[in-house]
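K.L.:
Make a model of the complete structure from these sequences and hints.
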Amino acid sequence: MTFRQEMKKALLTSAWFVFLTFPILVIRVNTIENVIEWRWLNMMWIAAGSFILSLLWSFYFGRKTGDPGKKTEAFAPADKAGSLFRNPRFRMPALVLTALFATAFPFLFSVYQTSIMTTALMYVVLGLGLNIIVGLAGLLNLGYVAFYAVGAYSYALLHYHFGLGFWVVLPLGGLLATLFAILLGFPVLRLRGDYLAIVTLGFGEIVRLILENWNEFSFGPSGISNIPRPGLLGLDLNLDTATIYLYYLMIGLCLITIFVFGRIRDSRIGRALIALREDEIACQAMGIDKARTKLLAFALGSTWAGLMGVIFAAKTTFVNPASFTFLESAMILSIVVLGGMGSILGVVLGAFLLILLPEYLRAFSDYRMLLFGTTMVIMMIFRPQGIITGIRRTYQFRGGSIDGATAGK
Amino acid sequence: MERQQENKGETILEVRRLSMDFGGIRALEGIDLVVQTDQIMALIGPNGAGKTTFFNCITGFYEPTAGDIFIAPPGGKRKRINGLKVDRITSLGLARTFQNTRIFPNMTVLENVMIGRHCRSKAGVLGAVLRGRETLREEAEIVERSYEILAKMGLASRVNELAKNLPYGEARRLEIARAMATEPFLLMLDEPAAGMNPQETKELDDLILRLRSEEGISILLIEHDMRLVMSVSDHICVMDYGEKIAEGTPQEIRRSERVIKAYLGEDSDA
Ligand SMILES: Nc1ncnc2c1ncn2[C@@H]1O[C@H](COP(=O)(O)OP(=O)(O)OP(=O)(O)O)[C@@H](O)[C@H]1O
Ligand SMILES: [Mg+2]
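Order-wise, the sequence lines are chains A and B. Just so you know, the first sequence maps onto residues 3 to 411 in the working numbering. Just so you know, the second sequence maps onto residues -1 to 268 in the working numbering.
A hint or two may mislead.
[To be verified] Quick list of simulated restraints, FRET-style, between CB atoms:
#1 K162/B x W59/A: 24 to 32 Å
#2 E142/B x R91/A: 26 to 34 Å
#3 S119/B x D368/A: 53 to 61 Å
#4 A293/A x R118/B: 17 to 25 Å
#5 L97/A x G21/B: 54 to 62 Å
[Said to hold, decoys possible] Here are the simulated DMTMM-like cross-link-like pairs (lysine to aspartate or glutamate), alpha carbons at most 25 Å apart as the crow flies:
#6 K292/A x E136/B
#7 K162/B x E361/A
#8 K292/A x E139/B
#9 K150/B x E181/B
The set of hints was computed from the structure by calculation and includes no laboratory data. Yeah, the Cβ is synthetic: ideal placement off N, Cα and C, and Gly gets one too.
P.N.:
Here you go:
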């Protein structure tokens, strides 16, 4: 593109942006004095800003189409971090330090911080669970939150009606979510891609609407309160100790999830899931039962949502349908996409970024969604594979003997 | 090799009056075909003759409108496979490749072949998580077998490369390797030489002949490259407009009036 063309395009873009934002950013109706304020200065800013951004944009795109190798270069630090993490000499100390920090966390920081950290850990597990469905099996699931809700309401209702305790319901919640996933799986077996996304989106909304409207079953929008926190050997814990206890519980569950996810990914089952993502037709021709594998992906991924649902109910001691909106599904999906599909480290980083940053950047809370959206758009353009690229396991063959060298854990 | 001598002439695939309609369009019209042990059978015909459709019917991607498909694995029972699911047919011993290469691009070359071992192994979710001795043994066997197959295909140096980074000719060979990993008794290749350079095609000749002599399998081959067809196949079946118009040895086919006419109709080279 010539310079003139680029200028013209940038001008058009800025005019378009001015037009789009005119009603909200320029015109303001002052309802007290019944006058209209014209904020021309805002318009100037938007025009100038979008003009410059548009120029920068075409500059970057020019480079991108010109040399495909260039575009990843900007992210070399992330790649370096990834490969550094795979290097055993760095990996061990890093893991030990992380473990020490995680163990000491409740003693170094306030209960409030510990509680936020627990939430972040919950999202790590949720992200990894969804990563099985979306990252490994390539099934775009927009209704993941439904299984989270199943877990939460399992605990709430089973406790309310039968007085069942946390430890009994924890596995039950996981199991119920798995069952629900299989039930949902059957009708959507034939779908993939966009169609699957829409059906799962619908499913998520249906579950929420049922919870909202079926008062006799779920107590409607007012929800269920007084759900007990998890007990420790029959001891009565006060709020602070209960929070810390839940934190360690989540650390444990996180480790279990990471362990299970890693093992599944590097197994016969995991390969079948990835093959399904890569090419559904070839995957069948390789003797993989498509229907079974899809159900398996749904089941394996949703169990974690069920477990986290129980934890969520126990942590907040209160559940209502407002916690299980589509936004929640989108959040978990963003963690997976931002972090890196199929990658464990990626999801962990993604969860911490997306859950912790907004908490600590309260000052910008007005712009939270704006920042969030912008980040996602930029990521998808320049780094569609996520922060950390899932690296495949490699094998070394020397004179017939086999070493499995693992990478990308 | 002794066993194969004995088996020679045993029918392993028998297709009877196979027809396939696509909403009023008849793509296959009463095709009969018999493949025997140790045979390399070629299926040729002009574009749109219905060759790929024929493959899709046999491998379960399409359910034929009429007709029967029987398989009889060497030493096994004869079985009708119409309407069985694709993965079931693969595990019964029919493996195929695709006209447009369908490798798993973001998996390594080795993993691509390991997928082929899926239907010959059985570790489940529990096995994956607990990774007991049996699972480890099976996993090691999968890796070892896959590597062996790749070595035979001349892809040993590529095991850890992502499949999408392979050059075209090697990707096609990888697809054959992957199909071989399912331990088929009949390997069905859909235009394996398409897009290969003459050197690669020449190597493909050897590869196909070696698969038969070393692995003891039969091959059913769709191919437009007449030199390849004439040099490897011992039986040729010619299709045109969904019908079988001729069948016989390469010599017979070369002389057949009908075949020449069918081909001259669109392509005067052949
Ligand atoms: N799924 C389908 N739906 C409708 N028509 C189809 C379908 N598959 C194949 N056909 C039609 O069946 C006929 C045979 O197609 P087929 O792909 O089997 O030809 P072919 O012999 O493999 O040709 P080529 O040598 O070009 O690969 C064509 O007319 C094609 O349009
Ligand atoms: Mg074809």
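K.L.:
Does each hint hold? Answer for all of them.
P.N.:
Hints and how they fare:
Checking the proposed 24 to 32 Å range against K162/B and W59/A shows it holds: the Cβ atoms sit about 29 Å from each other. Look at E142/B against R91/A: about 30 Å separates their beta carbons, and that is inside 26 to 34 Å. Between S119/B and D368/A the beta carbon distance is about 55 Å. The supplied range of 53 to 61 Å therefore holds. Hint check: A293/A to R118/B, Cβ distance near 20 Å, so the stated range 17 to 25 Å holds.
For L97/A and G21/B, the Cβ-Cβ distance of about 60 Å falls inside the hinted range of 54 to 62 Å, so the restraint holds. Restraint check: the Cα-Cα separation between K292/A and E136/B comes to about 22 Å, which is no more than 25 Å; the hinted pair holds. At most 25 Å may separate the alpha-carbon atoms for a hinted pair to count; K162/B and E361/A exceed this at roughly 41 Å. Distance restraint check for K292/A and E139/B: the Cα-Cα separation of roughly 24 Å lies within the 25 Å cut-off, and the hinted pair is therefore satisfied.
Note on K150/B and E181/B: the hinted pairing holds, with a Cα-Cα distance of about 14 Å set against a maximum of 25 Å.
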